[in-house]
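Kindly generate the complete structure, drawing on both the sequences and the hints.
There are 2 protein chains.
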Amino acid sequence: MQEPAPKRGRGRRPAAEVRQDVYSAVGPILLNEGMGQLSFERVAREAGVSKTTLYRWWPSLGVLILDCYVHAVENELAFNDSGDIKADLTSQLTAFTRVMTKTRGGRVLTELIGAAQTDPELAAEYRRLYSSVRRQAAVKRLAKAQEDGQIREETNLESMVDQLWGAVYHRVLIPDLPVTQTFIDALVGNLLSGTAHSRNPNHLS
Amino acid sequence: MQEPAPKRGRGRRPAAEVRQDVYSAVGPILLNEGMGQLSFERVAREAGVSKTTLYRWWPSLGVLILDCYVHAVENELAFNDSGDIKADLTSQLTAFTRVMTKTRGGRVLTELIGAAQTDPELAAEYRRLYSSVRRQAAVKRLAKAQEDGQIREETNLESMVDQLWGAVYHRVLIPDLPVTQTFIDALVGNLLSGTAHSRNPNHLS
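Read top to bottom, the protein sequences are chains A and B. Under full-length UniProt numbering, the residue at position 86 of the first sequence is numbered 86, and the numbers go up by one with no gaps. Under full-length UniProt numbering, the residue at position 57 of the second sequence is numbered 57, and the numbers go up by one with no gaps.
Worth flagging that the hints you see were computed from the coordinates, not collected in a lab. One should not assume that every hint holds.
All copies of an identical chain are treated as equivalent in the list; a pair is satisfied when it fits inside any one copy or across any two copies.
What the hints assert, rightly or not - Simulated crosslink set (DMTMM-like; lysine to aspartate or glutamate; CA at most 25 Å straight-line):
hint: 1; residue 1: LYS102; residue 2: GLU121
hint: 2; residue 1: LYS102; residue 2: ASP185
hint: 3; residue 1: LYS86; residue 2: ASP185
hint: 4; residue 1: LYS140; residue 2: ASP176
hint: 5; residue 1: LYS86; residue 2: GLU154
hint: 6; residue 1: LYS144; residue 2: ASP176
hint: 7; residue 1: LYS86; residue 2: GLU158
All of these numbers come straight from a predicted model, not from anything done at the bench.
Printed below as a string of structure tokens:
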């Protein structure tokens, strides 16, 4: 991060520009091929950046891959605010599911989560670079819906994140059942409308 | 599985008895120590069973560990039917969370899920021996609540499984936030009662 001021005389380019080259080179590889064929060598070659520079900014290949993944999907996973939380949750979850199940990027993420179970450093970077950022974006959209009077004030929004995106992760990581549009619609419908039978309120005090 | 009839003359014990010895020996180790120190050698020694027998019934150490884990937790994770689905979900999720966060068994499970991301055989055995069985038990209890008129008839019960236990797995596998009693209560409350503001039904058609 503490890149010295660029010395153009020696041909060194600005840090932000180099990072962007790495993101641009690696992102499409992750989404199209997955992470199996990636190495520091290949990233250096494809991005036109020295390995020394890569090592300075990314402590491990896992973290480099994660950082590139984050940048590769951030536009696709952005939250829309149409004013209708049900529609916006459905469309974001549909886009998220597409990335997770229709691109090789989904495999990248599940393999990183898998590796993180026995690699505390990777787990910490995963939370810092990806999951906490995604969680924050989701809570922000839900909080807006709360302000708009579409979600009840007392609702625990953080738990909603686990009951929507966490539920999708559950099926992706432990694929007893597929992630379909019917599933996404059920997640949103169940959580917004509730599953309890309203004519039996005594049991749901 | 196709153990020949026991030949007591040669000292061979019934298959079910030997399996039970393995479960009894390995279960407490998994819950108290985790899986780090386990090997076929140690299981053979602790259970008093030959390695040949172990290899015959369990194709890999991961599958043996998984099978023993299933038997070690099945009583604790049993579903109660008090007639009140909200109370029963809360108590089962509390017991499940205790196993996942307060015993070493939780680590066993998350490490097996992690390994399964790059090991298709382990993933298949995980689903066969554990997750599909747990899912079935949960759906059975939810279906009973549906019969009892506590859950609406059109509810997708499979999705509820992902929104309760899947939500807990999400926090255990990607621990941005801890699994607390407040979280469990929010999961059950959100899902049964719904999070949408009832005075704003237009947005939730």
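Next on the checklist: When the structure is checked against the list of hints, which entries are broken? Sort them ascending.
Outcome noted: Of the numbered hints given earlier, the structure breaks none, since each of them holds.
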